[in-house]
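First to last, the protein sequences are chains A and B.
FYI, numbering that gives the first Met the number 0 numbers position 47 of the first sequence as 46, with every residue one higher than the one before it.
FYI, numbering that gives the first Met the number 0 numbers position 133 of the second sequence as 132, with every residue one higher than the one before it.
The hints are simulated quantities; they were obtained by calculation from the structure and are not laboratory data.
As a list, the in silico SDA-like pairs of lysine to any residue whose alpha-carbon atoms are at most 20 Å apart: (1) A:K155 x A:A24; (2) B:K265 x A:T281; (3) A:K306 x B:F244; (4) B:K232 x A:D121; (5) B:K265 x A:D227; (6) A:K317 x B:R260.
Covered stretches of chain B (in silico footprint by chain A; criterion: 3 or more residues with CB under 8 Å from a CB of chain A, positions within the stretch not fixed): (7) 7 to 19; (8) 97 to 111; (9) 122 to 130; (10) 166 to 180; (11) 234 to 245.
Think of the CB as a built atom: it goes at the ideal place given N, C-alpha and C, for glycine as much as any other residue.
Letter by letter, the chains look like this.
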Amino acid sequence: MPHNILVIGELDERSASTTTLELLAGASEIAAGGNVSVTLLGTGAAQATVACGGANTAYTSDDAQYDDFRGDQWISAIQSAVESESPDVILVAQSIVGREVGPRLSYKLGTAVAMDCVSISDEGGSIKATRPCFGGNAMATYGFSTSPVIATVRAKSFEVIEGGSGPATSTELPAASESRTEIVATEAATSEGLQIQDATVVVTGGRGLGDAEAFGEMESIASAIGLDKAAVGASRAAVDLGWYPPSQQVGLTGKVVTPDLYLAVAVSGASQHMAGCSGSKTIVGINRDEEANIWSFSRYGIIGDYKQIVPALIEELKKASGK
Amino acid sequence: MHLVVCAKQIPDPDTPPSAFKIDEATNSVVPAPGISPILSQFDGIAAEAALRIKESGGEDAKVTVISMGAESARAAIKQVLAMGADEGVLLNDDAFEGGDSYTTAKVLASAIRELGDVDAVFCGRQAADWDMGQVGLLLAEELGWASAIIAKDINYADGNVSVQRVLTDGYETVQMALPAVMTVSNEFGEPRYPKLPQIMAAAKKTVTQYSASELGLDAAEVGSAGSRLKIEKLFIPETDSNVEFMTGDTPQELAAALVQRLQADKLI
Ligand SMILES: Cc1cc2nc3c(=O)[nH]c(=O)nc-3n(C[C@H](O)[C@H](O)[C@H](O)COP(=O)(O)OP(=O)(O)OC[C@H]3O[C@@H](n4cnc5c(N)ncnc54)[C@H](O)[C@@H]3O)c2cc1C
Ligand SMILES: Nc1ncnc2c1ncn2[C@@H]1O[C@H](COP(=O)(O)O)[C@@H](O)[C@H]1O
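Chain B extracted, bound-state conformation (with noise of 0.2 Å):
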């Protein structure tokens, strides 16, 4: 069995606020001095999960990360390694640049579609810069494959998957059959820890990198030149801060003067 992880790297979202600032001309984010860029949180998420398919279901099961990014990315690349995937592909072309979901998996569709023998597809339930929370999606129906989002667990047995999804009340559990793309919320628990002979040891597992013609792909269908959706604008919004800190020497004055405000403003 193929499993395949899409992992993205992107600025650290515990940047805060104060150090957080874009660049108004190219509608892009400065990186945070100091920041290290990270693998988005869910991916590494939807890294655990394949890792335990892949460790439950044996039958030489193979996990496979793959990022398309700048050579940078091969940090989260080697991160996914280090959890125990078996081999990395990074999708590096400046014609990649600038794109948006659809070209995001269309070029992802391309490397899946290069391996061959995937059955199975893990995604973050969004990556945590840009929140789209769509190229999972937008790869299935490329490759024509059945998906389950926002998953909780995941179960595989005989050529299916059961899929538990968070709901909005509640969960449902949905079962369908491979090949498939999921993607994984939080609630599926927190990622392995690498140690450090695992990290060693994910510095010699091999990183193929491809290009968009060695996929097979012209530049004027990937990157911002065959994005469909345009930024035009990208900007802070401003928050109003007036805050008015309650004083007073005893919880009791602090709390009193609280409630006061709020009976006034008629807010209870």
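Chain A extracted, bound-state conformation (with noise of 0.2 Å):
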């Protein structure tokens, strides 16, 4: 059955993000012939759209307001585009913007919302939402009793598809209005270099490392792989602990990532940390325990202590590459 779908977008560095990209395929997807729309908010947003392909329709603001995300702000300028639209699905990603916007819509329509969702489907017209919970132990498929039906979507359930024409039409929305919260300060703590979303391999620390220092190894490993593919994660239990920063985090309350190859040492494989590492295309364990529940996601693993693994590791790897 075809679906009406509006898809909140998110800017990154004035284009469509990766993630909004994402929303749109999957949109395309279950609209099944049905409209699909997408607003932007901030500067560079109506230029930002011609990346939109697989959208119809595009509702936009560049007002530099939309910046800096303020949910009362968005939400008055979404309803916007939902009132004109009447969209039946509404997709945002769980984003810092999509964790807030998708409740606080969902209880301005008067409906539900869906957190965190990995697979939308149309099951004999009416949409199901799937997602983990209880840590990624389990999946849960919901049903929806009112409309529209809103799902905020975990990063990298759908898959982007290249190319594609921008809509064909674009609505400007209002400009910001006004906000009950006022942002004071903002600190970045942006990693640098290659961000682990985007490495093809992360090799991710955990609490069994014993300490901070360890983790020069892992940049050790990272490097000796390649800093142009390579990228260091982190354990929530080893960033608690303050051994890394949190924008390393891989897991369910951190990032999620997909690379080709993600390299867990000394790190359990808690449901939590694996929703956030499970999708990458093979895992690697290094851990002392032959009962660790990383063996039931890895494809190779060495049981040993890393302590004289990883030397070993970061020779045989600089070795294989010539360095």
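Since each chain sits alone in its own frame, please combine them into the complex, following the hints.
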């Protein structure tokens, strides 16, 4: 059955973000011939719609007040798009934006949101949303008794479709209204170089490393593989201990990564951690525990003390790359 | 100043996957034998946030902990009371069962209105059972209050709170006027650990219980009857485990075997 779908887009350096393109790909599939529209808010929004292949209609505002996300401002703009579009499905990323827009918009529209979904499907005309719960130990499929259906979608749940032309029509959304919250300070904590979401190899250290210094060894593994491909991540246990920055946390409450190679060193493989990396092509574990949960997800494993294995591994990797 | 902590009792998220079972007939989780339910960790941290404001704020600050749940949820309430909260509220009624985030927020909001003089509500960033992360925001909408989610730090001064929030790549500090709802994340830090005398003192603190009708709620608007989100299937995802362990007598041999596999698979 055709569905009328509204995607709440986000900008990343004045372009439509990767997750926005993922949502548009998913929306085109679920729409089954129905209309797909997209909202983009902030400086560069109107221009950024050119990359929004799959959308027929765009709603934008270039008002710079939207550059920093404030829930109330964004939601009133989105509500005007909802009014003219009357979507039966609204998709938004499980991002800082989506975590707030999903619930608040659902309340305003008298409907419900399913958070952090990994698949959205049409079963006999009604939309179902499937999402991990219990830290990833279980999955739940939900139906909705109200409309529109709202879902926030986990990164990498849909694959971006390259090419495709941007929306044919574009409507200007109102400039930002007053906000009840005032942003008084911002602080960037971006790591330098390759971001873990973009890396093809992620080397992750866990609590079993024992101290912050050992993350230097994770960085040595990454540089032996090549810093153009590899980046270092951390489990929440390691982040909570202050061994590595929160921006590098992989998992349910951290980032979602799907590299070709995910190397988990002294990480037990708790379901909440795997929620952020189980989509990786190949998972490799280094762990001294033969019973560790990481083995349920791994393609290759080395059972042993990382303190002995890792230096040997760095040496072998260097040999392999001829460095 | 009156601060409220919303605290939920949940199955222990550290339950090993092998002991985690679900009942497909009722789409519910079967309690793992020998593993007691716990206070959702983020709610303990939310309690810590409220207590720190109470301690710094002075001016007759009071902390009330509210939980909607079964009789067993008293244990979660007691834990927050032992941490230093002053009073507890248990929202217990068969009619509340099987609810979604919307009905949960509705029930909690009714209780907060019943308390009357609340200035701020502290929730966890998400309940570590269903991992939804929306009750705090829905509660703010239902009450018509301001909100800020995923707090790392909270400071109160002169009727305003400034909340440092965790973003994807950094932090931001937002300021808003009370009354407001905040949700707290693990970056805030560890909650305090109650000692025996505090646990004993908690046993004597008042826990008031309310049913749906006592909150002026109709059974049809709460619990599964009032839910907008209907769970249709709960299942355990399959993991394909075909791990190949490297063999060798020395770390060098093990590492070399792995590198060889990774090269053969064109992963490095
Ligand atoms: C709601 C919720 C959300 C969460 N979100 C996240 C999240 O986003 N990301 C996340 O990572 N976690 C998250 N967690 C926490 C998660 O449940 C685990 O507690 C955490 O992932 C454990 O981290 P770890 O594997 O590093 O540590 P541990 O579980 O302590 O594992 C350490 C491992 O190191 C091994 N080890 C120890 N010493 C050595 C050695 N010398 N050599 C080799 N191996 C060794 C041990 O065998 C063990 O397997 C969340 C939890 C909850 C409840
Ligand atoms: N049954 C409940 N009783 C009290 N507080 C709750 C309940 N359910 C959710 N909450 C609060 O709302 C937060 C977010 O829950 P959720 O949206 O379900 O992930 C929790 O961390 C609690 O602070």
